[in-house]
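Chains as they are written, first to last, in the UniProt record's numbering: chain A, 1 to 185; chain B, 1 to 232.
Derived by calculation from the structure, the hints in this document are not laboratory data. Keep in mind that the hints are not guaranteed to be accurate.
A few chain A residues that don't get close to chain B, going by computed Cβ distances all over 12 angstroms [to be verified]:
no. : residue
1   : Ala-75
2   : Leu-76
3   : His-110
4   : Phe-163
If you want a taste of the chain A side facing chain B, the calculated C-beta under 7 angstroms gives, among others [to be verified]:
no. : residue
5   : Phe-109
6   : Met-142
7   : Ile-181
8   : Leu-185
Here are the simulated distance ranges between beta carbons [stated by the list, open to error]:
no. : chain 1 : residue 1 : chain 2 : residue 2 : range
9   : B       : Ala-202   : A       : Thr-184   : 24 to 30 angstroms
10  : A       : Met-125   : B       : Val-201   : 55 to 61 angstroms
11  : B       : Ala-14    : A       : Gly-52    : 23 to 29 angstroms
12  : B       : Ala-11    : A       : Leu-175   : 28 to 34 angstroms
13  : A       : Leu-69    : B       : Thr-22    : 30 to 36 angstroms
14  : A       : Gly-52    : B       : Ala-11    : 28 to 34 angstroms
15  : B       : Asn-212   : A       : Gly-63    : 24 to 30 angstroms
16  : B       : Ala-14    : A       : Gly-63    : 17 to 23 angstroms
17  : B       : Gly-7     : A       : Asn-13    : 18 to 24 angstroms
18  : A       : Leu-175   : B       : Ser-84    : 32 to 38 angstroms
Yeah, the Cβ is synthetic: ideal placement off N, Cα and C, and Gly gets one too.
In case you want the letters, here they are:
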Amino acid sequence: MGDTQAAPVPRQNLAPLLVPLVVGGLVAVGLGVYGRVHTPTGYAVGPAGFSGPLAMKTWLTTGAFLLALVQVFSALVMWGQITWDVPWIATAHRWSGRAAFLLTVPVAFHCLYALGTQFDVPRVMAHSLLGCFFYGVFVAKMLALPRRGLPGWTLPLLGGLAFTALAGLWLTSSLWFFTTIGVTL
Amino acid sequence: MKRLGPGSTLAIGAAMVAVLGTLSVTTSPIIQNVNAEEDRKDREPARSPAARATSQATPAPKASEPAGPTPARADYAGRVKGDSGLIAVSVRNGKAVGYFCDGRIEAWLKGKAAGGEVTLSGRGNASLVARLTEGTGGAGGRATGSLRLGEKEWDFTASTVKKPSGLYRATAVVRGAQVRAGWIYLDDGTRVGLTLVDGGVADVAIPEPGENAVVDGVRIDPKDVDEFIGGL
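Chain A extracted, bound-state conformation:
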C-alpha cells in the first residue's frame, strides 16, 4: 500500500489549523466572559420595522437559518456529494454565507449587549453557550479558509459545526418565540 511516493502525512498538516482554532476559541470565550461580566443594558439599537427586539431577532435568525440551509446544499455541490453542474455555486456559497453571518450580527449584538449570557433556564443557557460557540467556529472557519495545506476535513467539519450551532440557536430562540408568543413581525 502506501510505499510509493511520500503521501502527505496528516499529522504534518495540522499546524496551519493552530492559529484559526486558537483565535476562534478566544473569540468564543471572550464573548461568553463579556456577556457574563458586563451589566446588561436592556437596550440596544437594531434594525427597525419590527414590533420589538425579540421579533427582530426571531426573524433575522430565521433568515440566517434559511441561508444556512443554502450553505449546506451548496457545500455538498461544491464537494461533489450532489452532482449539479453550475459554475456559480461557489459564489452562491460565499454570498449566502456572508449574508447569513451579517444577519446574525444585530441579533448577537442585542443578545450580548442588552441581555448578556444567562444560565438560569436550560433553554437560555443552551442558547448563550451555542451563541458563543457559533462565533468561535465561524471565526475559525474564516481564518482557515485562505490557508493552504489544511487537512481535508477542516472546512466540512468547521462548516458543519457552524451549521449545527446555528440550527440549535434557531431552535432555542426563534422556534421558542413562534410557539410561545406567536408568528408576528
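Fit chain B to the known structure of chain A by using the hints.
Quick look at chain B alone, frame taken from chain A:
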C-alpha cells in the same frame, strides 16, 4: 476584480458591531452615568466579596458600568406572601413603578429607586418598600420588601423577569368609557390582571403576553414599562 475574502467578511461584521455599539451608547435613554456617580459611595462597601472577586479576576471588558445595588433598569415580579396576588416592580434610571393585583383589587404605585432600595406610593394609602439585591452566580436579582395597602401589609420577594414576563399597562377610551388595565406575567406562566372600565371591574380576559386585550370588542394595546413609565 479581486473578490472579497473571508477577512473582509469578519471586518464587515466587526464594523457592524462598532456602528451598533456607538448608536446604542449615544442613543441610550439611560442616564445611568449620573446615577452611577451618585451611587458610587454607597455602592463600594455594599458590594459582595463574590462580586469583587469577579471584577478583579476579569478586568478586561469595561464597556459598561459595574453592577451595583441600584440597577439603572430592572424588572422584578413575584408573589405576595399570604395573598394570592402578584407584585411587579420595575426600575428605570432612578424612577420606579409597582403594581399589585390579585384579580379583585389592584394598586399602582410609583416612586424612586436609589441606594439599592425602591420606595413607592400610590392612591388609597398604598406604599411599598423593597431592597434590591444583585444576582450571584446563575441567579437573577431580587427585590425583597413589603407592600402596604391601607391597614394591611404583606411581605414579598420578587425575582428579575425578562420580557415577555413582567408588567404591562393599558389605558384607552373605548366607546366613551375610560379603560385602564394592568397585567403581571411570571416566568412560570402565572398571570394576573384587572381591567377597569370607568373605575369598575370589567370581565376582560388576560391577554397572552405581548398580545392585545379586547375590551367591548375593541382591541387595546398593552404597554410595557418603557412605554408607560413616563406618563404614569
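**OP:** Please name the hints from earlier in the document that this structure breaks, with their numbers sorted from lowest to highest.
**Re:** 3, 8 and 10
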